Every structure is written in structure tokens, then in C-alpha cells.
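**Q** Given the coordinates of chain A, work out where chain B with the ligands should sit on it, guided by the hints.
Those sequence lines, one after another, are chains A and B. Using the working numbering, the letters of the first sequence map in sequence onto residues 1 to 465. Using the working numbering, the letters of the second sequence map in sequence onto residues 1 to 491.
FYI, nobody ran anything at the bench for these hints, they're computed from the structure. All values derive from a computational prediction rather than experimental measurement. Some clues are possibly wrong.
Claimed, not checked - List of simulated lysine to aspartate or glutamate pairs, EDC-like, C-alpha gap at most 20 Å:
| hint | chain 1 | residue 1 | chain 2 | residue 2 |
| --- | --- | --- | --- | --- |
| 1 | B | 326 | B | 24 |
| 2 | A | 77 | B | 390 |
| 3 | B | 162 | B | 287 |
| 4 | B | 326 | A | 376 |
| 5 | A | 77 | B | 28 |
| 6 | B | 326 | A | 378 |
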Amino acid sequence: MDGHTDTPAYDGHLGETGSIVDLGLPAPGGAFDEHHPPDAALIGDCVHCGFCLPTCPTYVLWGEEMDSPRGRIYLMKEGLEGEPLSDAMVSHWDACLGCMSCVTACPSGVQYDTLIEQTRAQVERRHHRSAADRALRGLIFSIFPHPRRLRLLRGPLRGLQRTGLDRALRRTGLLERLSPQLAAMESLAPRLGRPMPLPEHIRASGERRAVVGMLTGCVQGAFFPGVNAATARVLQAEGCDVFVPPGQGCCGALSVHNGREAEAQRYARRIVDTFEAAGVERLVVNAAGCGSTMKDYARLLADDPAYADRARTLAEKVRDVAEVLDELGPVAVRHPLEVSVAYHDACHLAHAQGVRAQPRRLLAGIPGLELREIAEPELCCGSAGIYNILNPEPARELGDRKAANIVATGAELLVTANPGCLMQVASAIARSGRPMGMAHTVEVLDASIRGVPADSLREGTRPSA
Amino acid sequence: MTSTDRAGIAAVARRAAELLPDADVITDRARLRTYECDGLTHYRVTPALVVVPETATQLAAIVAACAEHGVPFVARGSGTGLSGGALPHADGVLVVTSRMRAIREVRREDQRAVVEPGVINLDVTRAATPLGYYYAPDPSSQQVCSIGGNLAENSGGAHCLKYGFTANHVLAADLVTPDGDLVTLGGAAPDSPGYDLLGAVIGSEGTLGIATSVTLRLTRLPEEVRTVLVGFESTDQAGAATSAIIAAGVLPAAIEMMDALAIEAAEAAVQCNYPAGAGAVLVIELDGAADEVAQEYDEVERLCRDHGAFEQRLATDPADRALIWKGRKSAFAAVGRISPDYIVQDGVIPRTALPEVLHAIAELSSSSGVRVANVFHAGDGNLHPLVLFDDAVEGAGAAAEEVSGAILDLCIQHGGSITGEHGVGVDKSAYMPRMYSEEDLDTMQLVRCAFDPHGISNPGKVFPTPRLCGEVPGRHKGPHPLQEAGLAEVF
Ligand SMILES: Cc1cc2nc3c(=O)[nH]c(=O)nc-3n(C[C@H](O)[C@H](O)[C@H](O)COP(=O)(O)OP(=O)(O)OC[C@H]3O[C@@H](n4cnc5c(N)ncnc54)[C@H](O)[C@@H]3O)c2cc1C
Ligand code: SF4
Ligand code: SF4
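With the rest of the complex left out, here is chain A (with noise of 0.2 Å):
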């Protein structure tokens, strides 16, 4: 029994006035190196009040300190005090999906993304994980970041086989793990079409009010490039010079998130020379995940002498799509969509870039359609990113609770702004046996611009076998 305490017994008067540590370099011996350990500075302006508590999706389904953002960044400041790093700590800060629920909803204003970032980045060059582990991470990263090899996981499963990768997958079970979200898209394939490459230069249709290149992104590009396509579209009504520069590859949002710092940064370097070449005044993203690692490329690269302005600068030009296309306003004629909306706010843009308002804007800005709103809105669907491929009993649960709160709002269409919610309410939503259409809220916007139907949208998923 380790009933330890390092305070003395607390003897019935005054308590020990402590300092939290003496923040300065990690404690020998404790969880965090001296390279880019968690901000001691940015700890400290926790004040434990724990308002962040009830926004957070694992509290919200296991209701313990650990597993909350205020545990989470008291079990950094043990990791610094000179606590070890062990199964128990990292398991915990695993379990974080990312959401940034918690800094929405801090009054201090603690970066809690920023920490997290920092510890994960550690984790991964300093904790020993278990070999099934190390190769289903492993794996992930061999897939998801390439556009092409993801694109290969689009096709029946069978695809696979031809890469060679399907005995090493099967013993992971990633298979299993990826199969329902696989057979979700699957449903939604009729609609996706063929990927279609977009052209590297699309001209403003009428008078030119901005010009701005345009990130393909890895799961976007393969699942979802009628999204793309779209975005290109609705950039072009609007006035916009679209460059879609080749070869620009993923922007590094998954590494970033599970903590693959040099991966990382090499995907963001590539990402700065890119858009740098492509001479542009915004760069539109439409995945709220790469946007917002995006728009943080400055404290990525800040370490490198050679990239850190440039980071800077790009990271400034940096835009959803809805930021722009709101900044813009509207010139091209919307035409009218009897549809009722549910409009679901992706963390990483809701929470990590704080865009709520913009897409609510324009949605409502087509006639006929009416917008509705998603109970527990702050709460994450259990998607982000590759976490519901590394936890799905958790990601599940989020995602059932999510799809109940959809469906509740009894709208027709799902509106969404990132693939990663798409995947995983598409897959929650098919379970629940409640047919629903999804899109993202520029496919949206191009249906009511180009005069389609609402009823191509409305197409929706069918409960997968």
C-alpha cells in the first residue's frame, strides 16, 4: 500500500502553505527532460477552480481527477516536481482527446493546448510503450499522413492486401478498429465520386477580391474530396484566385497531436516553402484539425533559425474557410434550400480557433434553410483525430452520445467541418439506425450557390451491415 505522502500528515492546524514547485528546470529524475518540458509558467496559472471539469468528454464519462484537464495538468506538475514517469501518468494524458474544451471553458486563460502539446512531445522520447503499442502507432503514421496510401484504405477493404500491410494490420487490429468507420464511409461513397485532382490555379469568377492558396490535407484530399472540390467553388464565386499548389502533403496535425514533434515539423516545413512559392494573401484550410496546427506553425518551428519567421508569417495568413468566406461576404446569389440543418461544432474550430459564429452566419444565410442547434454542443464526438482508432471504447461512447443529441434535434442534414467529426458521427449515426445526411458546410454553401437540389444532400447514411 503506498499511501505516501511527501507533505507532512496533515496534524489539525494550519496545513502546509506550499509552493507549487519551484519552477524552474524539471526535477532530476521526474517525468519531463530540459527539451520543451510542459511550461511551468503555464501550469502555475491553473488555479484549480475546475470549471474546466463538466466541457471535458472524459470527465464527463468517468468523473475522475485524472482524467480531467485540471488533473491532467496537476499530473505535469508532479511530472516536474519530480514525479517518474509512469504507465499511470501517460495513460491519462492519452486519453485526451485534444478537443481543447477545456481552454473555451477556463477562465484563467491556461493554454492547455500548448501544455499538452509539450508532454506529449516528451512521452514520445521518453516513454517505453508496449510493443502492440509502438506498432499500431506506428502504423497510423505509415497511412494517415500520405494522401495516396489513404486513399488505397477508400477502395473495398481488399485494397489493403495489395500493400503488403494487411498481416501486420490484422495484429494489431487496427483493421477492426478502422472497419466501422471504414464502412460508414462506405455509405457515404455514392455521394464522394471519383477523387478528382483540382486544377493549380482557379480563377475569381466576376471581379477578383482576394488571393488565396488552398490546403488539400491528407483525409480530406482521399475521403472527401467533393469537399475540396466544393471549397475551390465557393472560393471561386466569391471572388477568389484559388492556387492549389501540388505536392504540398499533410500539414502535420496528427503528429503534432500525438506528440511526433519531428515529424512534425518536417510536414510543416514543406507546408512554409509550398505556400510561400504560391504567393498568397490567405491560406484557406477547410479541416478545422489542420487549421488549427496550422495557425500554431510559429511555436512549431520557433526552434529553427532558418524557418521560425517564415512560420510566423504563414501562420498568419492562416483562415478556415468559414473565416474567409465570412470576411469576404457574400457576393455570389444563394439559392434557396428547404433543409433543416444541425450544425456541430468541431473542436478544433470551435475550441481551438474559437469559430462558432462564422459558419452559424453563413449557413443561415441561405433561404429556406433553418438551422438548429446540437444539445451539449461543447462536448467532443469522440473523433479527434486518430483517437478513436487508439481508444474506441471511449471515442464510441462519445460518438452514441453525440448521434443521440443529432438526431434529437430531428434536423434532416448534419453539418459538420471537419472529416474527422464526419467519419466518426457518420459511424455513430449509421449505428443508431437513424438515416441522416452529412456535409460539410461548404458543400452547403456550393448546393445553395449552384441552384442543386437539397435532396442530393439529403442523401444520407445508410445503417452499415
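**A** Just chain B with the ligands now, kept in the frame of chain A:
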């Protein structure tokens, strides 16, 4: 920890492991440490064991095991307490209610809700609103604090001016006594005969047992609510306006005051857009029947103007009203934006002493160089001075503690109390003798011993020095006066 302590804890842990899934019996040191403090972080003790039961039966069995082995236990809800009430015991068990969060019943017919102790305060209102009701006590922490914690602290909030504290809204509670028995106190009828044991338990800070179910009174949503934000040049003016409003016979649902420093913090945190350059603001909320509210509003408006208000802003829609309240309700935590560390003080004074006490606080602040931001429930004279300091600066913590203590002395001098709503916990137990005589404290101790003869329920809290129930209290020679009078016996 002695070997008997260790054996006791091990026995309770074994019992808990029989009752609960592995994940809910916490023994790992890094995990235990996340429970070492509540909202008052400078008291920290790592508990020997943390258990997170899901049912009253499990909870009662764990407490029974504690009783059997003489192991102390401490209840914890959401851990937002500001007096160290949920501070663990190093040789004891922390019993956390955060997984007991079912709302069992919400009934319109008899206007009540039956909830488990871990249910979050605001969730009761969320559940009752569709029926036209809400749960009136609204601590600023209502989005996170638990009903069990509210009951234990007799928590209040802005709207307690008109609606009263938690005690006025609890009809019944199931309690696991420190022996591990599950008993029901109070009942569906508003007033049960016999001693008001429920009344004794409300506000007892977890020293008389653990509540496992609470029946709450729901309040009808008012027909009309008007919230007005009023800017004044000084706290004097705002205080005078407050007194004038109450003297005029208007009873607003809430009158809250914030001074310039508190406004600055709230503004930094939530951009609540309070009047620029104000030395103080009042947030005044009127509720009730529409015509009554309209009439009262005119009166309030006039009185504020007469007392020097330079801006009065009536919330025009629910979003507007929410923003005004957001500024006020996030003020404590928001102070983290303007100061690395701070102490939230909690004291009560008669409303009429407000200007005088505020001046004295300002003097304390300027003579010591310690900044003090003031947020308070002006209507009922409940002050929440926020004493700011930087723990990285040597001696700053001690200086802040000193100012904070001196503020309590001011409250006592002016006929007030050392806590309005945050409780005594571990933080203020040393101040109890300044408010109460030794006899008073002994009498309270007798009540405690009646519930908890072995002194295992949240020991070391509330009272200045822990005593065993068998001990003859204090420095008295001979029997306690109450004993002598045959009114009580010593266990
Ligand atoms: C930012 C902030 C603002 C606040 N504003 C207010 C305010 O306006 N008004 C106010 O009154 N308080 C306020 N508080 C203090 C705190 O929120 C309240 O005291 C609240 O009631 C504590 O609830 P909790 O669930 O966090 O309890 P905890 O902190 O977990 O516990 C508090 C006490 O209750 C006991 N306890 C917990 N559950 C039970 C149970 N089931 N049975 C018996 N005893 C139990 C514990 O042992 C402890 O003594 C504020 C706190 C913060 C951080
Ligand atoms: S990012 Fe989301 S899951 Fe992680 S601690 Fe914050 S609220 Fe919880
Ligand atoms: S809301 Fe912010 S300050 Fe409060 S506990 Fe959470 S992270 Fe800490």
C-alpha cells in the same frame, strides 16, 4: 503512517476492491496526488486511498469498513471548495462522489428534484427548466460544484439575497453516517417533527457523514427578469445605492458589487464590456411578476441615479444578461489573469458597515502594498476580497495571508462573520475561537460526537483543535456546563 494505519487502509482497500471496478479504487501515487487539494491549493495532503463509488450501497459499505478499522475518511464532490474542506487525510480514505451523478426525479407536481450527491448544481436547473422551474441557489461555481458539496457547505450565491442559501432548498437527504449506516433525514413533508437533524447536517462540511441522495426544492421560473449593470465612480457610491435600494423596500434577486480591480480581471477573462472607468459596478437583478418588476426597476433606476451612477445598462436579451453575469461569475478565477496567485477571502458584515469596511480594506492594502480586489454579494454584506500576490516573490505569500487574516478581523469587529459561504474547512478553523467562546465550541463538539463518536468523518476540519469525543473538552475543570445542566452527555 503507523503499521496499524497501514493495515486499516489495506483492509478498506480490499473491501473497496470487492465492491468497485479496479479503476475506481485508486492507490497509485501519481493518481492519488491529483486529489491532494481542492480549490484552495496551498493546503495539500496526499490521501492514502481514493475510492469513487457509484451507488449509495457501495459508499455505505466503504464507510462501514472505515468505521470497522478506525480509518478516517473525507468526502469530496467536485473539489471546488475554497476552505480546504475536502483536503484529504494522509492516513485516510477520500470518498469521491463524482460518479454518483444521476438526477433521479424532477417533478413539477410537488416542485422537487431528487438527485445523487455528485450531480452538478447547474444540471439541476437544466433538468428543471423545461418544466418551468429552476434550482435557486447559484454559487458562482454552479457550473461545476456538486449538490453534495453545496449541502455540506450550505453554499449560497448571488440570488441568495432573495431566495436564501442551500439550507432553504433542501427538503431531505439520505446520509451515510460515520458508522456506515444509511439513514434518511427530513422528508417529503416540509417540516418533519422532532429535532431538525437535516438542519444540523447542512453546512456541517462533511463532518457528520456523507450525503448520498438529496431532495431539493425547485423554484418557479419568474415571469420577468431584468438585469441592470450600473457604473459608479466609487465603491462608496455603490454601497450607498445598495443600502438605499433595500431601505426602500425593494428586494432584488441579487445585488452584486465589483471594484475596479475585479472589473479589470473579469474584462481580461471574458470581455464582459463593463462600463469603462468605473470605480465600482453593481449588477442588480429584479425578478417576479412583470408589472411588479417594472415598478421596482423604476425605483432602482432612480435610486442609483441619486447615488451617483454614471451609466445604467439594462440587459436587452438573454445573451446580454448572460454576459453581464459571466463577468461577475468568472471574477474569482479570472483574477488568475492579473495575478499569479491569490487568496479568495470570504467574510460577512452588516450591509450598513460596507463603506467603512471597504475603506479599512483599502488602507490595509495600501499600507502593506498587497493588492486587494473586491467582489461581493453586496445585498447581504457577503464580502469576497481577493488578495493578490506572487508566490515566486519571497514573503509575498505570508504578507497576503496576513492581510487576508486582518480582513477577517475587520469583519468580526464590525459584528460580522468569518465565512459567508465558503465554510471553515481547514483554512479558518484557527479563527473559530475569535468568533465563538470555548463553551460555544464545546457545544458544537457535542453535536459532532453524537454523529461521529470515533472522530473519523473529515477529522481536523472546522474546529481549531481536534479532540476525541471521550475527552473532557477544553480547559474546563469538572463537567461541561451543559452536562451539569443535564442537557447533554459526553460520549
Ligand atoms: C471560482 C469559484 C467560485 C465559487 N463561488 C462560490 C459561491 O459563489 N458561493 C459558494 O457558496 N461557494 C462558492 N465556491 C466554493 C465551492 O464551489 C462551494 O463550496 C461548493 O459547494 C463546493 O462543492 P464541491 O462539490 O466542489 O465540494 P468539495 O470541494 O469537493 O467539498 C466541499 C466540502 O463538502 C464536503 N462534501 C462533499 N460532498 C459531500 C457529500 N456528499 N456529503 C457530505 N459532505 C460532502 C467535503 O468533505 C468538503 O468538506 C466557489 C469556488 C470556486 C472555485
Ligand atoms: S483537451 Fe478535451 S479531453 Fe483533453 S483535457 Fe481538455 S477537455 Fe479534456
Ligand atoms: S478552468 Fe482553468 S484554472 Fe480552472 S481548473 Fe481548469 S484549467 Fe485550471
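**Q** If a hint holds in the structure, say so; if it does not, say that too.
**A** Here is what the structure says about each hint:
1. For the suggested pair residue 326 of chain B and residue 24 of chain B, the alpha carbons sit about 34 Å apart, so the restraint of at most 20 Å is broken.
2. The straight-line distance between the Cα atoms of residue 77 of chain A and residue 390 of chain B is roughly 18 Å, inside the 20 Å bound, and the hint therefore holds.
3. For the hint pairing residue 162 of chain B with residue 287 of chain B, the CA-to-CA distance comes to about 10 Å; that is within 20 Å, so the pair holds.
4. At most 20 Å may separate the alpha-carbon atoms for a hinted pair to count; residue 326 of chain B and residue 376 of chain A meet this at roughly 19 Å.
5. Only pairs whose Cα atoms come within 20 Å are accepted, and residue 77 of chain A paired with residue 28 of chain B is accepted, the gap being roughly 16 Å.
6. At most 20 Å may separate the alpha-carbon atoms for a hinted pair to count; residue 326 of chain B and residue 378 of chain A meet this at roughly 17 Å.
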